[in-house]
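Using the hints, position chains B and C against chain A.
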Amino acid sequence: MRWRRRLSRLPLHLFLLTVALVWLIPTLGLFVSSFRPKQDLYSSGWWTLITHPSQARFTLENYRRVLLREGMGRAFLNSFIITVPTTILTLGVAALAAYALAWMEFRGRQLLLVLVVGLIVVPLQLSLIPILRIYQTLGLNGTFLGVWLAHTGFGLPFMIYLLRNFFAALPSELFESAFIDGASHFTAFTRLLLPLSVPVLASAAVFQFLWVWNDLLVALVFLGGYEQVAPLPLKLALLVGSRGQDWHLLTAAAFVSMIVPMGVFLSLQRYFVRGILAGALKG
Amino acid sequence: MRKYALLAVAVLVLGGMAFAKGSISIMVVWSGTELEAFQKVVGAFEDKTGIDVKVESVGRDLPTVLVTRFEAGNPPDLAAMPNPGQMAEFVARGGLVPVEGFVDLSQHPKAFVDLATVGDHVYGIFISADLKSLVWYNPDALYAEGLAPADSWDELMYITETLASRGKVPWAIGLESGAASGWPGTDWIEDIMLRTAGPELYDKWVAHEIPWTHPAVKRAFELFGAIVRNEDYVYGGTTGALSINFGDSPAVLWDEPPGAYLHRQATFIKSFIANAHPELDLDRDVAFFVFPPIDPKWGTPLLGAGDLISAFRDTPEVEAFLKYLASAEAQSIWCGALGKLAINVNVDPSIYPDALTAQAAEILKGAKIFRFDASDLMPAAVGSGAFWTGVLDYVSGVDLDTVLENIESAAQEAYGG
Amino acid sequence: MRKTRVHWLYLAPALFFLTMYLIYPSIRTIILSFYGPRSQNFVGFHNYITAFTSPSMLVAFRNNLLWVLVFTFFNVGLGLVLAVLLDRVRYEVLVKSIVFLPMAISYVAAGVIWKFMYAYRPTYAAQIGLLNAIVVALGGKPIGWLIERPWINNLALIAVGVWVWTGFCTVVISAAYKGIPKEMLEAARIDGANEWQVFWRITIPYLKSTLAMVTTTMIVFVLKVFDIVYIMTNGAYDTEVIANRMYKEMFLYQNYGLASAIAVVLFVLIVPFSLINIRRFRAQEAVR
Numbered sequence: 238m239r240w241r242r243r244l245s246r247l248p249l250h251l252f253l254l255t256v257a258l259v260w261l262i263p264t265l266g267l268f269v270s271s272f273r274p275k276q277d278l279y280s281s282g283w284w285t286l287i288t289h290p291s292q293a294r295f296t297l298e299n300y301r302r303v304l305l306r307e308g309m310g311r312a313f314l315n316s317f318i319i320t321v322p323t324t325i326l327t328l329g330v331a332a333l334a335a336y337a338l339a340w341m342e343f344r345g346r347q348l349l350l351v352l353v354v355g356l357i358v359v360p361l362q363l364s365l366i367p368i369l370r371i372y373q374t375l376g377l378n379g380t381f382l383g384v385w386l387a388h389t390g391f392g393l394p395f396m397i398y399l400l401r402n403f404f405a406a407l408p409s410e411l412f413e414s415a416f417i418d419g420a421s422h423f424t425a426f427t428r429l430l431l432p433l434s435v436p437v438l439a440s441a442a443v444f445q446f447l448w449v450w451n452d453l454l455v456a457l458v459f460l461g462g463y464e465q466v467a468p469l470p471l472k473l474a475l476l477v478g479s480r481g482q483d484w485h486l487l488t489a490a491a492f493v494s495m496i497v498p499m500g501v502f503l504s505l506q507r508y509f510v511r512g513i514l515a516g517a518l519k520g
Numbered sequence: 008m009r010k011y012a013l014l015a016v017a018v019l020v021l022g023g024m025a026f027a028k029g030s031i032s033i034m035v036v037w038s039g040t041e042l043e044a045f046q047k048v049v050g051a052f053e054d055k056t057g058i059d060v061k062v063e064s065v066g067r068d069l070p071t072v073l074v075t076r077f078e079a080g081n082p083p084d085l086a087a088m089p090n091p092g093q094m095a096e097f098v099a100r101g102g103l104v105p106v107e108g109f110v111d112l113s114q115h116p117k118a119f120v121d122l123a124t125v126g127d128h129v130y131g132i133f134i135s136a137d138l139k140s141l142v143w144y145n146p147d148a149l150y151a152e153g154l155a156p157a158d159s160w161d162e163l164m165y166i167t168e169t170l171a172s173r174g175k176v177p178w179a180i181g182l183e184s185g186a187a188s189g190w191p192g193t194d195w196i197e198d199i200m201l202r203t204a205g206p207e208l209y210d211k212w213v214a215h216e217i218p219w220t221h222p223a224v225k226r227a228f229e230l231f232g233a234i235v236r237n238e239d240y241v242y243g244g245t246t247g248a249l250s251i252n253f254g255d256s257p258a259v260l261w262d263e264p265p266g267a268y269l270h271r272q273a274t275f276i277k278s279f280i281a282n283a284h285p286e287l288d289l290d291r292d293v294a295f296f297v298f299p300p301i302d303p304k305w306g307t308p309l310l311g312a313g314d315l316i317s318a319f320r321d322t323p324e325v326e327a328f329l330k331y332l333a334s335a336e337a338q339s340i341w342c343g344a345l346g347k348l349a350i351n352v353n354v355d356p357s358i359y360p361d362a363l364t365a366q367a368a369e370i371l372k373g374a375k376i377f378r379f380d381a382s383d384l385m386p387a388a389v390g391s392g393a394f395w396t397g398v399l400d401y402v403s404g405v406d407l408d409t410v411l412e413n414i415e416s417a418a419q420e421a422y423g424g
Numbered sequence: 048m049r050k051t052r053v054h055w056l057y058l059a060p061a062l063f064f065l066t067m068y069l070i071y072p073s074i075r076t077i078i079l080s081f082y083g084p085r086s087q088n089f090v091g092f093h094n095y096i097t098a099f100t101s102p103s104m105l106v107a108f109r110n111n112l113l114w115v116l117v118f119t120f121f122n123v124g125l126g127l128v129l130a131v132l133l134d135r136v137r138y139e140v141l142v143k144s145i146v147f148l149p150m151a152i153s154y155v156a157a158g159v160i161w162k163f164m165y166a167y168r169p170t171y172a173a174q175i176g177l178l179n180a181i182v183v184a185l186g187g188k189p190i191g192w193l194i195e196r197p198w199i200n201n202l203a204l205i206a207v208g209v210w211v212w213t214g215f216c217t218v219v220i221s222a223a224y225k226g227i228p229k230e231m232l233e234a235a236r237i238d239g240a241n242e243w244q245v246f247w248r249i250t251i252p253y254l255k256s257t258l259a260m261v262t263t264t265m266i267v268f269v270l271k272v273f274d275i276v277y278i279m280t281n282g283a284y285d286t287e288v289i290a291n292r293m294y295k296e297m298f299l300y301q302n303y304g305l306a307s308a309i310a311v312v313l314f315v316l317i318v319p320f321s322l323i324n325i326r327r328f329r330a331q332e333a334v335r
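Chains as they are written, first to last, in the numbering used here: chain A, 238 to 520; chain B, 8 to 424; chain C, 48 to 335.
So here's chain A without its partners, still in its complex pose (with noise of 0.2 angstroms):
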């Protein structure tokens, strides 16, 4: 009966594997050829090591060429102190607009809603020059806030969207007996949506660190390619030669730069568990 039960379940188990193989083999190349030589990189693929182990050579040239390169913890430091705001801001405001757009009524919010989701489409590239002169006035220009305050633009209606649908779906009853019992939206918002919402806010947070983590051109406008304000994408980008000569060295520099995403993904992975909302909906 057991070994039945379990054999049903052979397929479902095949192809969970086979899909997490094909996502993992071209990453793995990758981790694979950052410890290769430049030579072999463009003389036999990685699957050298499997397929005649003894041929296979390996060094750590490539990993420290990249991270004793002279910058890199400012670049880490920078990289941090432009994505970790950023996020806090972009998730604070996107979550008082989306609880207003989700639980209150107002005129004018179907409207506001269609033009947030039309918002999303606006490519931020041509954002890039109006905003610029505006902060050529403020004196904005090569400033961390002014960086903040960009990506928290550029990232806001992505995150209002993706927060008013998570917010909008919520029991309605739970809202209207919380306001029935007296509790002001301040509480409301406070109290029972955002700890009802916390797997989709470790979401929201995940999506907008690993683009802003990632992002190479709002930075390189706002802040500019100096070198103690040069955040990591920039760092790494810059290993690579002009005419693009040295891409064996953005192979361990990939590695390095997936190291602090990946390590957030895994902390905030946690919260994205059943049952938040079923237990609240119980009590």
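Derived from the structure by calculation, the hints contain no laboratory data.
Here the structure is a predicted model, which is why all the values come from computation and not from measurement.
Any given hint could turn out to be false.
[Claimed, not checked] Simulated restraints, written as ranges between beta carbons of each label pair:
1) A:289 / B:287: 19 to 27 angstroms
2) A:310 / B:187: 28 to 36 angstroms
3) A:343 / B:29: 37 to 45 angstroms
4) B:152 / C:124: 30 to 38 angstroms
5) C:134 / A:274: 42 to 50 angstroms
6) A:503 / B:187: 33 to 41 angstroms
7) A:242 / C:124: 25 to 33 angstroms
8) A:348 / C:199: 38 to 46 angstroms
We treat Cβ as the ideally placed atom computed from N, Cα and C, and that holds for glycine.
Just chains B and C now, kept in the frame of chain A:
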């Protein structure tokens, strides 16, 4: 304690780029070893003058960042121009400072001064050049086949056909270059065009005074096609030429046995060869000959490109720095470190790191006819757009008339505006 | 719902950001779209005519349609299937992390990864790209994955997009799926419904709003797809997409008028999807 934390935050936020007096900023595309070499050039200037030079390296996004900053009224003091065509665009938008009033250009060849001239003024200085009309080969491999460098197009085609008839692949061609894919093919066509149509028609072509459908342009494409579109003449055939990165492509010449025998590319390819085959003795194992003449009437014109610096602001510090960049002193540091060819005629040839570079510098100095890379002079929509994709389309098998008509329609839009 | 004016307090910060960073630049874009390359001469609808007639734009429209269909279908489909199936296994976190991994990679690095996956070497040389190594091992001839038009190269690019974005869809849909009260699913199973019926009668209706949101998001993102195409082919061999064209016209060709017109076209393309969203919002409200 908390006060200090707040203060630290404030410093972080506002500490961006409040420059002290006597400092200038320059935005460059260079990174890696090129950036290190430029920092050396800058260091010598700072030691001498006490002026602080902030080098902002933005990598390959330079056009985007520079255009944005310029339009927002916040350009750097100086910048490396992507090419003379882009420089002319900034001049047209009223952004650049004429330099002829304070930089001594008498030590620069007229050809390079003219390239940086728009109307009556010179808007930039070249700090180095690359010679493009070179065919690289592996002497051991070529001589082993009983063949020698070509002096004419017929000889070049003879080598090509002979090798192919022996079942060997004559050419290594790589047109892939990420977002800039196609440019190595435009260099081929420019070199051929100079040798079949002559420099005057070449200039008209650059200025779009002849259409892309002109027989001379068509013939240049066809001669290139005679090699690149022949599956037996190119390493990997046309798909190979289109997919293999330009920097990786010459490596097969030094493989055992050689994957190909000839590779047409500029002086800078040397560092790629050295990188792929660190075991080579550059002065012994690597050689080049000048891309041979085709129509005897036009001889052997040379094609080249260069690194151009322009200024957005006119201050005494900027003037001092430009003067310095134009000097033999600065160019010796820059070219000595990178193996680029100096512009300033007073640079001592002994600064070149190897015999190959010195030889290329010698060839460039003796040029009777020299022309700049045409695609770098055309409006970007053509020179860095339709021309690149046109070459890729042509090599991938699209009918030549269609390709030329497409480029022509882009050109009409670009030159018209 | 209660009527109040306090909503402005909640909306004010967002409105500030949206106005300054998106609405104001959009209005400026609309104005510039009627001017020439240097924004000096009024040119009427000239840029729009170019945007709808130039050969490269026509190719871009076709490709964006292909992206919308294929990319959205695979991302949302796979995301849904993975979200539901992963809930039943103990190694959920592991697989989810693997599928999510590409999201954490910058597009420059993703470009490197896939350049190596699709790398082409002649038959007579050692393959360094996995896909062609497999093709050759199976006795085929190596394929120019990014060159063979019109299907292979466009689908090869879309595959990279799916690889990057499936993790996003999985995580979002999974977060919603976790919101389905376990009791509901158990009750249905006890009532004798098989897994297929549970999926269609409970899971899908419950996730409807999330699926609509994820689909809309994917469509909007794919309309402005840029990075992947820019870094892999830059639009050569008929792989051009609208946003890449816009970027080129703006920053490389410095034709602000045309770039702005293309951006406006992009914005107009989203209108139908916005309308679908309005109807959905209305329906949602009506249920309450």
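Checked hints:
1. Separated by about 26 angstroms at the C-beta atoms, residue 289 of chain A and residue 287 of chain B satisfy the suggested range of 19 to 27 angstroms.
2. For residue 310 of chain A and residue 187 of chain B, the hinted distance range of 28 to 36 angstroms is satisfied, since their beta carbons lie about 33 angstroms from each other.
3. Judged by the Cβ atoms, the range 37 to 45 angstroms given for residue 343 of chain A and residue 29 of chain B is violated: they are separated by roughly 57 angstroms.
4. In this structure the hint that residue 152 of chain B and residue 124 of chain C lie 30 to 38 angstroms apart at CB is violated, the actual value being about 56 angstroms.
5. For residue 134 of chain C and residue 274 of chain A, the hinted distance range of 42 to 50 angstroms is satisfied, since their beta carbons lie about 44 angstroms from each other.
6. The beta-carbon spacing between residue 503 of chain A and residue 187 of chain B, approximately 38 angstroms, falls within the hinted interval of 33 to 41 angstroms.
7. Taken as a hint, the range 25 to 33 angstroms holds for the pair residue 242 of chain A and residue 124 of chain C, whose Cβ atoms sit roughly 27 angstroms apart.
8. Separation of residue 348 of chain A from residue 199 of chain C is about 44 angstroms and conforms to the stated range, judged on CB atoms against 38 to 46 angstroms.
Checked against the numbered hints above, the structure breaks hints 3, 4 and satisfies the rest.
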